[in-house]
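Novice: Listed below are the residues making up each chain.
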Amino acid sequence: MPADEHRVVCHLDRLLADRGMTLVELSARTGISPVNLSLLKNGHARAIRFSTLTAVCDALGCTPDDLLSVAHG
Amino acid sequence: MPWVRRLSGLVVILGLVAGVVGVGYAINGMTQAPGFVKAPVTLIDADAPTGWADVEVDVPGVDVPDGWFAGAQPPGSGSGLVSGADGRLTIVAWDSTRIEQLLSRGDRLVGGLGLLVGALALGPVLGSIAQGRPFAPGNARRLTVVAATVAIAGSIAPTLPEIAGFLVLERTGLAGPDFASATSPSLQPVLVGGVVLALALAFRAGERLSDDVRGLV
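Those sequence lines, one after another, are chains A and B.
This note's numbering numbers the first residue of the first sequence as 1 and each following residue consecutively.
This note's numbering numbers the first residue of the second sequence as 1001 and each following residue consecutively.
No lab work stands behind these hints: they were computed from the structure.
Don't take each hint at face value.
[As the list claims (entries may be wrong)] Pulled from the structure, derived: some chain B residues nowhere near chain A, Cβ distances all over 10 Å:
1) 1006
2) 1062
3) 1189
4) 1198
5) 1202
6) 1213
7) 1215
8) 1216
9) 1217
[What the hints assert, rightly or not] Chain A side only, calculated, beta carbon under 7 Å to chain B, not exhaustive:
10) 36
11) 39
12) 46
13) 48
14) 51
15) 53
Just so we're clear, the structure is a prediction, and the values are computed from it rather than from any experiment.
We put the CB at the ideal spot given by N, CA and C, even for glycine.
Here chain A stands alone, though its shape is the one from the complex (with noise of 0.2 Å):
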């Protein structure tokens, strides 16, 4: 498998919904630029900082078992 592919699948699209939050409440909360949450929502990002998926998890609730999810191959 090349380096840059990989299975890893981003639910922050779903967890978003399930709270009634839009991207850019997010981003006001977390922080983080909605161009970098845009990536991670439409599963575009490559790498996740530690320091971006904590203030994603305290922002939502939730852990990263939740956010992130690795497909079948």
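Based on these hints, arrange chain B on the given structure of chain A.
Specialist: Here is chain B on its own, set in the frame of chain A:
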């Protein structure tokens, strides 16, 4: 950085001008055959080959009190590369050949072409730096081209007129114990090329780092 963008354009324009002028100057020289050709030669004191400035150069009508004229210091003599050479003169001879004319201006030709290649490689690097993307893909390769160009063109260019001098001395029958055409290899272009190559390697590492953080949120 607008000034870097302007510098990028200026570098490319200067490279193009240098390339055109260098080629034009060399071609113009070839059209001068069989007119006179000027080429550097090295004067050697066969009797006392102790070093630069031992030989007196006679300038008609000019007398130096308690001294004399010597040829210019031969290139490389400071590092002992041209042992026993006493001075560098320019020989001017008629009935030149096209190859003599071309080689006598070969430093401008190779220098101009080197500047052209270097500028065309450096321009996009400066352009991407102006856009805030110094480690854009391809910049390391372009800087490697610049390094190779500096080392190769800088080493070859000065030797071509000296080869022309050798050809002129052979043709005129002056080659012998008094005159020689000594090539004077210089380490400076190689060292400068090495510095640019080190920069290229640093940019290559930067490209890898930049690729690693692409998509990082």
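Novice: Each hint: holds or not?
Specialist: To see whether the hints hold, each was checked on the structure:
no., hint, result
1, 1006, "holds, 30 Å"
2, 1062, "holds, 74 Å"
3, 1189, "holds, 39 Å"
4, 1198, "holds, 27 Å"
5, 1202, "holds, 22 Å"
6, 1213, "violated, 8 Å"
7, 1215, "violated, 3 Å"
8, 1216, "violated, 4 Å"
9, 1217, "violated, 4 Å"
10, 36, "holds, 4 Å"
11, 39, "holds, 5 Å"
12, 46, "holds, 3 Å"
13, 48, "holds, 6 Å"
14, 51, "violated, 10 Å"
15, 53, "violated, 9 Å"
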